[in-house]
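Q: Please put together the full structure from these sequences, using the hints given.
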Amino acid sequence: MSERTYWLDLFTGTSWQEFLNAGGNVSGFRASRWNTLQRIKLGDYFICYLTGVMRFIAVLEVVSKPYKDETAIWSFDPFPCRIDVKVVAELTPETAVPILELRDELSIFRNLKNPKAWTGMLRGSPMKWAETDGEIILKSIRNAVSNPVVRVVDQKKLARRPQMFKAKFGHVTIPISDEVDLEETTRIEISTSEIHAHSKIQMALLKLGHEMGFDIWVARNDHNRVINGRKLSDQFKLKDNLPLQFDEATNKTIEYIDVLWLKGNAIVAAFEVESTTSIYSGLLRMSDLIAMQPNLNIPLYLVAPDDRRLKVFEEINRPTFSRLIPPLVKVCRFISFSKLTNRLKEISPYVRYLKPEFLDELSEYCNI
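Under numbering that gives the first Met the number 0, the first residue of the sequence shown is numbered 0, with each subsequent residue one higher.
None of these hints come from the bench; they were simulated from the model. Every value quoted in this text rests on a predicted model; they were computed, and no experiment measured them. Hints should not be assumed to be uniformly reliable.
Derived CB-CB ranges, DEER-like [to be verified]: (1) D68 x K199: 52 to 60 Å; (2) N146 x R308: 43 to 51 Å; (3) L99 x E69: 32 to 40 Å; (4) E247 x K138: 37 to 45 Å; (5) P326 x R229: 26 to 34 Å; (6) K329 x V87: 43 to 51 Å.
Glycine residues also receive a C-beta, built at the ideal position from the N, C-alpha and C atoms.
A: Right, here's the structure in full:
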């Protein structure tokens, strides 16, 4: 076994070009990564990955100990925790190696808990990677240097960089799942026979909240979704904006929850609807909320198909969520599609008299 360790080093297309413009001999990281940098040794390798286009572009060798310096290199962030490097192998964005071309070889694609679990290894840097994976990537990059294959690069994705939002404990990114351009969203048309389970349940929750007398909110990226020939924002009287009662990062996270019921400035209930085989995005959004606002007093519900019940219970009890304070299992309840649908038929005649507490009958805690 080699004594060398491989570390992931994330770049956007912009930050990579700025790295090259500054001489290509200094890699930088956020101040919060200082302790991790102490584990990096001379001779270790950085695996450089372009986030927007999902490609490995270079391998760098560590040639100094970590140090702090705020000399301007990057425009997006000072990245003050730095390490001197030298290039071992380097490609261009057009010839870089797509990560998905290595999915049959890399260990991060094996034994996945859900289809997107491998992306967890790409959420921050520096991150230690398995030596076998590092060697596979190094070999692939060297092969691409010798025999380059030019691939079209989406310039928008290449230039994309994560947006930072202010939280109580610093700045964080807020991923937006299934994000699409506004122009694209406006053109999407879903016929009655093609409405997905997600859309049906989302609309049912919006209708229920409205009939109970609450203000309603749909995830910001769904406002212009067209269902049955009309935008959601035309079918329901949706709130234009949410009350800004939290820090910027928390408010941004709440904006992308599937359905909210509100009374005045208070959020009465928050629903994440998960109809796919992966129920992870809703859980991650809820866990982000708890991590940023541990005293948050908003009833959270994950609504999913009946056959996903066990999967929801298994995921919500994973260490990632169980170690939150409070644990996610203590604040998030499960509602099955069938139970919600059947109950809606029963309560139809007197729905306007219902109180939100009736959700307690519909839902269950996810204790195993």
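Q: Each hint needs a verdict: does it hold in this structure or not?
A: Hints versus structure:
1. D68 x K199: 52 to 60 Å: holds (55 Å)
2. N146 x R308: 43 to 51 Å: holds (50 Å)
3. L99 x E69: 32 to 40 Å: With Cβ atoms ~36 Å apart, the hint holds.
4. E247 x K138: 37 to 45 Å: holds (43 Å)
5. P326 x R229: 26 to 34 Å: violated (41 Å)
6. K329 x V87: 43 to 51 Å: holds (48 Å)
Violated hints amount to a single one, hint 5; each of the other numbered hints is respected by the structure.
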